[in-house]
Amino acid sequence: MNETKAEMILKIRDLKLFFDGDYGTTQILNGISFDVKKGETLGIVGESGCGKSMTAMCIMRLLKSPPARIEGSIEFCGKDLLLFSKKEMQNVRGNEISMIFQDPMTSLNPVFTVGNQLEEVFMLHQGMSRQEARKQTVEALRMVNIPMPEKRVKDYPHQMSGGMRQRVMIAMALACQPKLLIADEPTTALDVTIQAQVLDLMRNLRDELGTSILFITHDLGVVSEMCERAIVFYCGEIMEEGPVSELFSNPKHPYTEGLLSALPRIGQRKDKLYVIPGMVPPAGQFPTGCVFVERCKYAKERCHAEKPDMVRLDEKHTVKCFRYQD
Amino acid sequence: MDVIDKNNKTLDYTPLWRLSLNRFRRNKLAVLGTIVLIILIITAIFAPLIVQYDRDEQNLLKIYQKPSKAHILGTDELGRDVFTRLLYGGRVSLSVGLISTTISVVIGVVLGIIAGYYGKKADIIIMRIVDIFMCFPFFVIAITMAAILGPSIWNVMIITGVLGWTSICRMVRAEVMSIKEREFVEAAKALGLTNREIMFKHILPNTFAVIIVYATLGIANGILSEAGLSFLGLGVKQPQPSWGNMLAAAQNLQSLQHRWWLWIPSGLLVFITILSINFVGDGLRDALDPKLKQ
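Top to bottom, those sequences are chains A and B. Per full-length UniProt numbering, residue 1 is the first one in the first sequence, and the count goes up by one each step. Per full-length UniProt numbering, residue 1 is the first one in the second sequence, and the count goes up by one each step.
Check the hints yourself; a few may be wrong.
From the structure, some residues in chain A lie toward chain B, with a derived Cβ separation under 7 Å [to be verified]:
1. Met60
2. Met99
3. Phe101
4. Thr106
5. Val121
When the alpha-carbon atoms are kept at most 30 Å apart in a straight line, the in silico BS3-like pairs for lysine-lysine are as follows [as the list claims (entries may be wrong)]:
6. A:Lys87 x B:Lys121
7. A:Lys86 x B:Lys180
8. A:Lys154 x B:Lys201
By construction, these hints were calculated from the structure, which means they are not laboratory data. Quantities reported herein were computed from a predicted structural model and do not represent experimental measurements. The C-beta atom is built at its ideal place from N, Cα and C for all residues, glycine as well.
Take these sequences, add in the hints, and give me the full structure.
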């Protein structure tokens, strides 16, 4: 990677996550490494339970420790977040790194107006008075295309539709113009038309504010629309990383191949869609060799015994598979 | 100008408090209870303007008089007007109920939130204290404390308040344990709020429904406790009237059998007040029940 350090907003190296319980330790993430550049949108794709959201929680340091135990490094603007104190981390959250959650129905506090909740962010991180914060709140709602923002600040979450609520969440997340926005499946709970509007809004705001976005999703269509680069996650490991155009046109990892084959295509007449055989193993029961071995059509003996290393295919494309190792 | 998709329309313009108020209004018993309580509170506050006698005004020539035009609820053993003392007694009984409940709500809510939010050691310690408090019968401890501290209105308030926080503590703890797992709490953490801000700004308001209902019913308990302690001579001291120490007249067999006006009115007021508070409490519980908000 020949990008300069200054261009990197986020640099994660060998990130491991463990949960220590009464019955031993469970490993959730195993040696995750990736970068997010300034102003780019990086997609993280994978099935449910593969560790996408846990990666986000590690970056935000939102996991209770114990039982959670994080190893590795999470460098944000050159500083390791894992070395930050609680107080320092509180200043980072919502201010320099923000997060949007999956379900807009439950992400807002039901007993406060949306205006109240937005004001809180401005007052907390920018030291504004309530009056100043109120003005900024109206502007923030206008920025995310909410009609009549002067009126809507007085609305409670239950008075808004899902799409509106997600816009409010985006406004809250971008209130302090953070350097990095983590979007954890922000459109999953929305219907398709609203989904398109929210994605459109996020794209426009990214271009306007220059915010980097870490976009977590299981929807490959959303990735192709939103992201320049993508990472494919499976069982707490990165299987493949590369530009979206290349991943979609020329997938190298059997898992990426499988995910793309499972997508329905217009004009393609099939009785049944392709399904990757088998199931994602539960955390703590991952295979000892390659984690995808039990579902892989190319699996060899070596795959059962050894873990493959990440192989660089070209400047931007990497894959974790023995087929490209020698 | 931005065009907004029709799917983003507003769903419901009625604020939560108005929805709850409408539901409360539909509950006839709750409305009746509210009206009765308002009347009782107003008469207690404006007692000096309503009555024609002084609270402690004695007339030894008119002792134990039956209800008449001059004394609509008769007179007591010192010739004092029972109706006058009943209204002034309402001040004491209602304020004991309110203040003792405030004490128990403050203690219970703070400890309940801490136990529910932090869990682990904090939870274990607080819940063991709750268990210890709940081991002892309320009246046994209350009588012991009243005997040690001496009879006074403030002691009754403190005793009732300090002994009555355990049930609200448990309820708030249970609510907090459920609420803290909801996504808006995670979102608040992600916005950089401190634990204290999350506990008291975000979680506490979500427990108000439980607190309001408990507090309403707690006032009833406070009034009953005052009545019980004063009846036993360990509560509000004479000459200050309270419904409890007026009920103490029923300890005298002569009064119990032949002078009903000395104890039935105060007993009836305690009964009506408690019943009204319970109606209001039930009405509030139904009105504020989140499951009915959908």
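**Q.** Hints not upheld, ascending by number
**A.** Per hint list: zero violations.
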